[in-house]
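Heads up: the protein sequence lines correspond to chains A and B, in order. At position 189 of the first sequence (counting the first as 1) the number is 189 in this note's numbering, and the numbers step up by one without a gap. At position 222 of the second sequence (counting the first as 1) the number is 222 in this note's numbering, and the numbers step up by one without a gap.
Read the hints as simulated data drawn from the structure, not as lab findings. Bear in mind that the values here come from a model prediction, so they are computed numbers and not experimental data. Beta carbons: idealized from backbone N, C-alpha and C, even for Gly. One or more hints might be untrue.
Footprint (simulated), chain B over chain A, 3 or more residues, beta carbon under 8 Å [as the list claims (entries may be wrong)]: (1) 29-43; (2) 82-90; (3) 120-133; (4) 160-173.
Derived DSS-like pairs (lysine-lysine); straight-line CA-CA distance at most 27 Å [what the hints assert, rightly or not]: (5) A:Lys-84 x A:Lys-70; (6) B:Lys-183 x B:Lys-200; (7) B:Lys-200 x B:Lys-170; (8) B:Lys-170 x B:Lys-183; (9) B:Lys-109 x B:Lys-74; (10) A:Lys-84 x B:Lys-109; (11) B:Lys-183 x A:Lys-70; (12) B:Lys-236 x A:Lys-87; (13) A:Lys-70 x A:Lys-87.
Chain residues, written in single-letter form:
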Amino acid sequence: MILDRLAREVEALIFASDTPLSVEQLCEYTGSGEDSVQQALDRLNNAFLDQQHALIIIEVAGGFRIATDKDFGSIVSQLFEGRKPGKLSRASLETLAVIAYSQPCTRMAIDSIRGVNCDSAIRTLLERDMIRISGRMETPGRPLLYSTTRVFLEYFGLNDLDHLPRSEEIAELLCMSSSEMEEKDLFGVADEE
Amino acid sequence: MLSNSCRIQLPSFEGPLDLLLYLIRRDEIDIYDIPMAHVADQYLEYIRDAQEMNLDIASEYLVMAATLTRMKSKSLLPIHRIDGEEEEDPGAELRRQLILYRTFREIAKELHRSEETWTDIYTSTGERDRWSIGNTAVEPGQTSLLDLLRALDNLSEGEIEPPTQRIQRKLLTITECIQTLEKTFHTGDMVSFRSVVGQKPTRAKIVSYFIAILELIRRGWISFHQAYPFSEIELKRTERWTVDS
Numbered sequence: 001m002i003l004d005r006l007a008r009e010v011e012a013l014i015f016a017s018d019t020p021l022s023v024e025q026l027c028e029y030t031g032s033g034e035d036s037v038q039q040a041l042d043r044l045n046n047a048f049l050d051q052q053h054a055l056i057i058i059e060v061a062g063g064f065r066i067a068t069d070k071d072f073g074s075i076v077s078q079l080f081e082g083r084k085p086g087k088l089s090r091a092s093l094e095t096l097a098v099i100a101y102s103q104p105c106t107r108m109a110i111d112s113i114r115g116v117n118c119d120s121a122i123r124t125l126l127e128r129d130m131i132r133i134s135g136r137m138e139t140p141g142r143p144l145l146y147s148t149t150r151v152f153l154e155y156f157g158l159n160d161l162d163h164l165p166r167s168e169e170i171a172e173l174l175c176m177s178s179s180e181m182e183e184k185d186l187f188g189v190a191d192e193e
Numbered sequence: 001m002l003s004n005s006c007r008i009q010l011p012s013f014e015g016p017l018d019l020l021l022y023l024i025r026r027d028e029i030d031i032y033d034i035p036m037a038h039v040a041d042q043y044l045e046y047i048r049d050a051q052e053m054n055l056d057i058a059s060e061y062l063v064m065a066a067t068l069t070r071m072k073s074k075s076l077l078p079i080h081r082i083d084g085e086e087e088e089d090p091g092a093e094l095r096r097q098l099i100l101y102r103t104f105r106e107i108a109k110e111l112h113r114s115e116e117t118w119t120d121i122y123t124s125t126g127e128r129d130r131w132s133i134g135n136t137a138v139e140p141g142q143t144s145l146l147d148l149l150r151a152l153d154n155l156s157e158g159e160i161e162p163p164t165q166r167i168q169r170k171l172l173t174i175t176e177c178i179q180t181l182e183k184t185f186h187t188g189d190m191v192s193f194r195s196v197v198g199q200k201p202t203r204a205k206i207v208s209y210f211i212a213i214l215e216l217i218r219r220g221w222i223s224f225h226q227a228y229p230f231s232e233i234e235l236k237r238t239e240r241w242t243v244d245s
């Protein structure tokens with residue numbers, strides 16, 4: 001399969017870019033319409049597949065990136081031995097989940113949902129750039145507000161915050177008072193494990 | 001009856017809500033009909049077990065223990081219902097917390113699964129830039145407070161010249177304030193605090209005079225009157241000032 005000019009332009013742009021490129025950006029740089037860019041992306045990925053490349057174009061954090069196939073994860077990881085941070089702890093993941101859905105939010109709000117003090121988890125997440133301080137709440141004490149970052153989206157392969165799992169359901173849940181919750185039989189649904 | 005034969009092997013919990021959800025699951029309890037006495041007992045038993053093993057129990061666990069004990073005692077007392085007044089169900093708030101926490105616990109698991117998947121995927125740039133030794137140039141607006149604090153941490157203290165400028169501060173002692181008041185303030189005079197400190201007073205002057213006046217009030221040398229909080233303070237010199245001094 002011989003790739004056309006547009007597909008190769010898209011490939012070059014995505015390869016060289018330091019941030020994920022959105023369809024709009026690709027349209028702007030190539031001077032093409034959205035449909036032709038989308039199709040060019042499909043042709044590129046097909047070419048990668050056909051020729052059994054270890055690369056693939058993925059959509060993450062609102063844009064496209066060239067990435068290695070996950071089958072090569074362990075071999076590639078050798079490049080970053082000692083530099084790549086470990087996986088996040090359960091406390092960090094829970095804290096991050098709360099922040100992701102209720103951002104911007106205060107430490108108090110996170111603590112009250114998790115029922116424990118989340119100081120150290122917040123510190124870890126800040127250090128790993130998963131979250132950032134996005135301002136202060138204009139209430140007594142002016143507590144800091146935390147929001148998630150682009151690094152967070154990329155780390156979990158999310159396109160944007162709307163792609164968080166069950167985002168509408170949880171947004172609704174967060175606004176509910178205890179009596180409203182009583183009316184809906186919420187505890188029955190989604191029984192895990 | 002719910003069996004107690006299975007002792008908790010003290011798995012690690014992410015807090016009291018996590019532990020409660022575990023107990024509720026283990027004993028197959030209906031969340032809308034929590035047998036308060038039973039759950040409170042189970043919870044307290046866990047806390048005691050943990051204490052016996054000399055584990056540090058975080059204060060959050062003890063707060064929940066207190067809440068559960070209170071709910072248990074309430075559930076055992078007869079309910080006095082006043083007509084037209086809906087008694088608030090103390091369990092409702094706990095259920096809300098449990099539902100919310102359980103939801104986020106599930107989400108955390110989903111995030112963990114995504115993390116597992118994405119940890120094996122490497123992009124041409126992105127995340128790994130952050131792990132390299134020489135970091136890339138910083139664009140305006142991309143630095144956070146944390147970056148600045150990190151940079152500050154990296155500076156060795158020896159490189160920072162200690163400031164040498166001396167700032168002279170005019171000291172105003174409480175004694176001086178009292179002496180000034182003594183001269184300008186006569187027995188029977190009514191003076192407002194505002195006029196004592198004069199026009200455009202410095203913060204130090206206000207504080208010094210305020211303390212001086214508190215001292216004079218303590219000695220009983222002046223009396224004061226203030227109509228309502230933050231309103232003007234009216235001061236009056238008493239006979240005792242002259243007599244005592």
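Hints versus structure:
Coverage of the segment 29-43 of chain A by chain B is violated. Counting CB-CB distances below 8 Å, 0 residues qualify, and the rule asks for three or more. With 6 residues having a beta carbon nearer than 8 Å to a beta carbon of chain B, the segment 82-90 of chain A meets the requirement of three or more and the stated coverage holds. With 5 residues carrying a beta carbon less than 8 Å from a beta carbon of chain B, the segment 120-133 of chain A meets the three-residue requirement, and the given coverage holds. Closer than 8 Å: that is the beta-carbon criterion, and the segment 160-173 of chain A has 5 residues meeting it against chain B, so the requirement of 3 holds.
In summary, the hint linking A:Lys-84 to A:Lys-70 is supported, as the alpha carbons are separated by about 16 Å, within the 27 Å threshold. Restraint check for B:Lys-183 and B:Lys-200: satisfied, since their Cα atoms lie roughly 21 Å apart, inside the 27 Å limit. Taking the CA atoms of B:Lys-200 and B:Lys-170, the gap is near 16 Å; set against the 27 Å cutoff, the hint holds. Between the alpha carbons of B:Lys-170 and B:Lys-183 the distance comes to roughly 21 Å, so the proposed pair stays at or under 27 Å and holds.
Distance check on the hinted pair: B:Lys-109 and B:Lys-74 sit about 36 Å apart at the alpha-carbon level, beyond 27 Å; violated. For the hint linking A:Lys-84 to B:Lys-109, the alpha-carbon distance of about 21 Å falls within 27 Å, and the restraint holds. Distance check on the hinted pair: B:Lys-183 and A:Lys-70 sit about 87 Å apart at the alpha-carbon level, beyond 27 Å; violated. The suggested pairing of B:Lys-236 with A:Lys-87 is violated, with an alpha-carbon distance near 71 Å, which exceeds 27 Å.
Proposed proximity of A:Lys-70 and A:Lys-87 is supported: the alpha carbons are some 16 Å apart, at most 27 Å.
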